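Undergrad: Each chain, written out:
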Amino acid sequence: MASKAIIKEFAAITGEENVLTEPTDLATYAYDAAVLEQVTPSLVVRPMDSEALGKVVRLCNENRLPLTVRGAGTNLSGGTIPRREGVVVLTNGLNRILEINEEDLYARVQPGVVTAKLAAAVEAKGLFYPPDPGSQAVSTLGGNVAENAGGLRGLKYGVTRDYVMGLDFFDVDGELVKTGGRTVKCVSGYNLTGLMVASEGTLGVFNEITLKLIPLPTYRKALMAVFDTMGQASEAVAAIIANRVVPATLEFLDNFTIRAVEAYSHAGLPLDAGAILLVECDGYPGQVDEDTAKVEKICQELGAASIRAAKDAAERDKVWEARRAALSALAKLKPTLVLEDATVPRSKIPAMIRDLEGISKEFDLTIGTFGHAGDGNLHPTILTDRRDTREWERVEAAIEAIFDRALALGGTLSGEHGIGIAKSKFLEKETSAATIVYSRRIKSALDPRNILNPGKIIGGQA
Amino acid sequence: MNRMNELARMMKELEDQMMVCMKCGMCQAVCPLFADTGREADVARGKLSLLDGLLHEMFEDPEGVSVRLNKCLLCGSCAANCPSGVNVLEIFIKARAILTGFQGLPPAKKAIFRGMLAHPQLFDKVGEWGAKFQKVFTKPANDVIGTSCARVMSPLIGDRHFRPLADTPFHKQLPELHTAAGASGLKVAFYVGCLADKIFPSLAQATVDVLTHHGVGIFMPPSQACCGIPAVSSGDTDTFRRLVRHNIRQFAAEDFDYLVTSCATCTSTIKEVWPMMTADDDDLNGTVRRMADKTLDIHEFLVSKVGVEAVASSNGDRLVTYHDPCHLKKSLKVFDEPRAILNASRGYRLTEMTESDWCCGMGGSFNVQYYSISSRIGERKRDNIKATGCEVVATGCPACMMQISDALSHAGDRIAVRHPVEIYAESLKS
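Protein sequences, first through last, are from chains A and B. Our numbering applies: residue 1 is where the first sequence begins, and numbers increase by one. Our numbering applies: residue 463 is where the second sequence begins, and numbers increase by one.
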């Protein structure tokens with residue numbers, strides 16, 4: 001529990017009703033969507049304007065109180081799990097879209113704006129904000145930038161990083177720092193925007209975000225191709241790209257996931273299929289028609305057992321139903337679901353899938369894999385029961401094995417879920433000892449008291 | 463701490479169901495309460511982790527958890543949107559029963575539930591007396607909607623614009639009914655429900671008229687009791703079971719094909735909560751399950767069993783919009799049928815509002831305890847209704863009718879609030 005005096009100081013900044021101190025309230029900010037130990041903070045504050053946000057940061061630093069910023073608490077690597085003596089700062093009171101500029105194609109938002117709300121608001125004006133993480137219906141843009149969230153459209157449209165034009169953020173003293181801007185070109189000063197994206201709240205606290213918008217594609221077409229083996233499906237992915245077609249989304253489901261989805265939604269998926277590819281192209285009608293025809297031809301030549309092209313919006317919806325149902329279908333099989341996101345260069349997908357099958361056998365675990373075939377971002381999903389301590393030990397060992405294989409194939413620990421607490425001890429494996437030292441030097445220079453989300457990404461004294 | 467250990471042991475029966483939550487947080491997108499407050503303890507993920515906290519003896523006393531658990535509309539929006547299919551309503555209702563069993567029922571609720579609600583005849587009497595005296599304390603607020611408000615400041619009524627108790631409740635107008643199946647070859651048992659009986663007797667009459675028009679035989683036993691939802695959602699399982707037993711006895715007297723109600727909340731309570739909350743009593747549970755299987759929402763019955771269809775001439779000029787009661791759409795997945803009934807009503811034209819299935823904010827006792835939040839949620843509904851430019855808003859639940867009446871009346875709107883069956887009954891006469 002925080003002292004009465006400090007509670008009073010926070011209340012003076014944000015108003016008493018925006019400071020939570022009851023143990024039962026605090027306990028609801030002890031977790032995020034990662035399967036990790038919960039840690040209950042000593043205080044939760046909800047600033048309702050920028051000024052209050054800056055003052056809260058400063059007050060935390062003055063009192064050496066660890067500060068963890070929380071949007072919707074949906075991240076999958078423990079980035080929003082606070083420290084026991086720490087303060088959770090909620091951004092959902094800062095949820096205004098400040099500007100949608102149709103001439104210069106950008107939007108300015110507060111960090112607590114929900115991703116899907118911005119997407120809908122810009123779509124109503126014929127514009128497009130492409131990053132679409134799975135949690136977009138609740139996730140906040142501040143959280144998306146802090147985690148560099150991805151989504152289904154990574155292959156063609158990139159990830160959150162590719163849309164951040166500029167940032168205002170509070171440094172640890174509560175002073176406002178400005179980086180980037182509203183122009184397409186901007187080379188003034190260090191690229192602090194680049195440094196802040198994916199920094200998981202360890203280097204500063206976002207106040208305002210400027211995001212790039214693009215014109216909304218007017219036409220889209222989806223198809224589903226069923227393959228007997230994962231190898232064939234992967235060849236098809238490689239061939240699609242080699243033929244200079246870049247679909248907006250290029251997703252796959254493995255056999256285990258197909259069977260889970262079928263049991264769950266009875267969509268009529270073939271139970272013996274090795275893999276299903278879901279492809280969607282968007283853009284102008286002529287180009288989209290041409291591209292999907294090419295994709296269809298490639299899949300046929302590479303031995304697809306069946307191909308279903310959606311003729312209208314309803315059929316298109318049907319095609320995507322299987323992919324949307326994947327996580328739910330898997331979640332219903334066992335009490336605990338561990339969603340990993342090891343990512344490999346796309347040409348290595350068949351090898352990674354083979355390795356995952358091996359890992360599943362070696363550790364005697366149920367693993368369903370689906371994900372973003374187009375960008376090599378796989379979601380091996382381990383189904384378990386956390387209460388089974390012996391199986392849980394095997395789950396932890398399997399996760400480590402997955403990381404090792406992904407790295408051996410030239411991949412990365414995390415495509416889009418972040419490092420947080422969950423993967424910080426593996427970061428050196430992917431990078432180098434010097435990288436960790438360099439990163440820690442940056443951290444200690446910018447945050448000498450180590451109060452900004454301590455222990456995340458680069459570990460260090462937790 | 464021993465007491466908390468005892469509570470943890472009691473919570474154990476919910477552990478397997480609670481484990482299903484993977485803390486993804488998707489419930490934040492649809493929770494009407496969270497949309498208003500932005501607090502994690504108000505959304506299902508937060509409440510589930512507090513219950514998990516009780517299971518792991520994280521707290522020194524249960525009061526804080528209890529208060530937060532009860533601050534919920536029980537609308538089921540979270541459950542309907544949950545990727546892993548957490549049975550949120552069942553967990554919450556059972557946890558409320560466990561906590562009430564552990565802490566005891568607050569005196570006011572004890573007096574209301576056990577002193578009055580559990581005794582149907584007394585409850586009827588109190589209602590009748592209330593109807594006689596309410597005019598002393600209240601005055602009309604909006605003649606189109608039919609709401610009243612307090613004459614002078616009253617702690618009980620507060621700022622509410624409410625639909626007053628009817629001068630003559632339905633059970634006085636028509637105490638019982640026993641008619642044989644007509645042209646339809648079907649006979650139903652009609653469960654009236656407290657709100658239709660005491661506040662909206664015209665709805666109960668319209669239901670009888672529509673069933674009779676379609677040649678459906680009606681068995682309506684006298685002395686019907688409350689379905690029990692106010693008691694069970696406050697964790698009072700004793701009163702709840704008394705009421706279930708009483709109703710079962712009343713409806714056992716005659717054979718019927720289906721049991722229908724024109725109240726979304728009563729229907730979902732009989733169909734879902736009755737079987738769920740009697741599972742440990744084999745004798746009662748068997749009868750309850752048979753009854754639940756036969757229970758249908760009135761719109762669903764009219765469309766799927768009687769075959770009521772849209773009429774071509776229904777695109778009349780009275781614009782009507784429809785609000786989806788949570789207990790119909792989210793609990794029972796009934797949403798096409800009430801619209802079909804409106805489309806079958808001559809003289810009306812249906813227009814959809816945005817967020818037609820966003821909760822109206824009523825939530826029964828939630829409205830009593832958290833009136834200001836409830837009103838703000840109601841205002842959002844009001845804005846969406848108003849934006850359609852409609853003359854009438856229809857909804858298949860008397861509780862939603864009360865809440866929407868309050869919101870529209872406060873805004874000074876002249877939009878009538880009606881049940882689809884009332885509108886349909888009226889069109890049959892014209």
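These are calculated hints, taken from the structure and not from any lab test. None of the values given here were measured: they were computed from a predicted structure. Mixed in with the good hints, there may be bad ones.
[To be verified] Simulated pairs of lysine-lysine, BS3-like, Cα-Cα distance not exceeding 25 Å: (1) Lys795/B <-> Lys649/B; (2) Lys332/A <-> Lys474/B; (3) Lys117/A <-> Lys649/B; (4) Lys334/A <-> Lys474/B; (5) Lys318/A <-> Lys848/B; (6) Lys795/B <-> Lys332/A.
Undergrad: Does each hint hold? Answer for all of them.
TA: Now the hints, each set against the structure:
no.	hint	verdict
1	Lys795/B <-> Lys649/B	24 Å, holds
2	Lys332/A <-> Lys474/B	20 Å, holds
3	Lys117/A <-> Lys649/B	49 Å, violated
4	Lys334/A <-> Lys474/B	18 Å, holds
5	Lys318/A <-> Lys848/B	34 Å, violated
6	Lys795/B <-> Lys332/A	20 Å, holds
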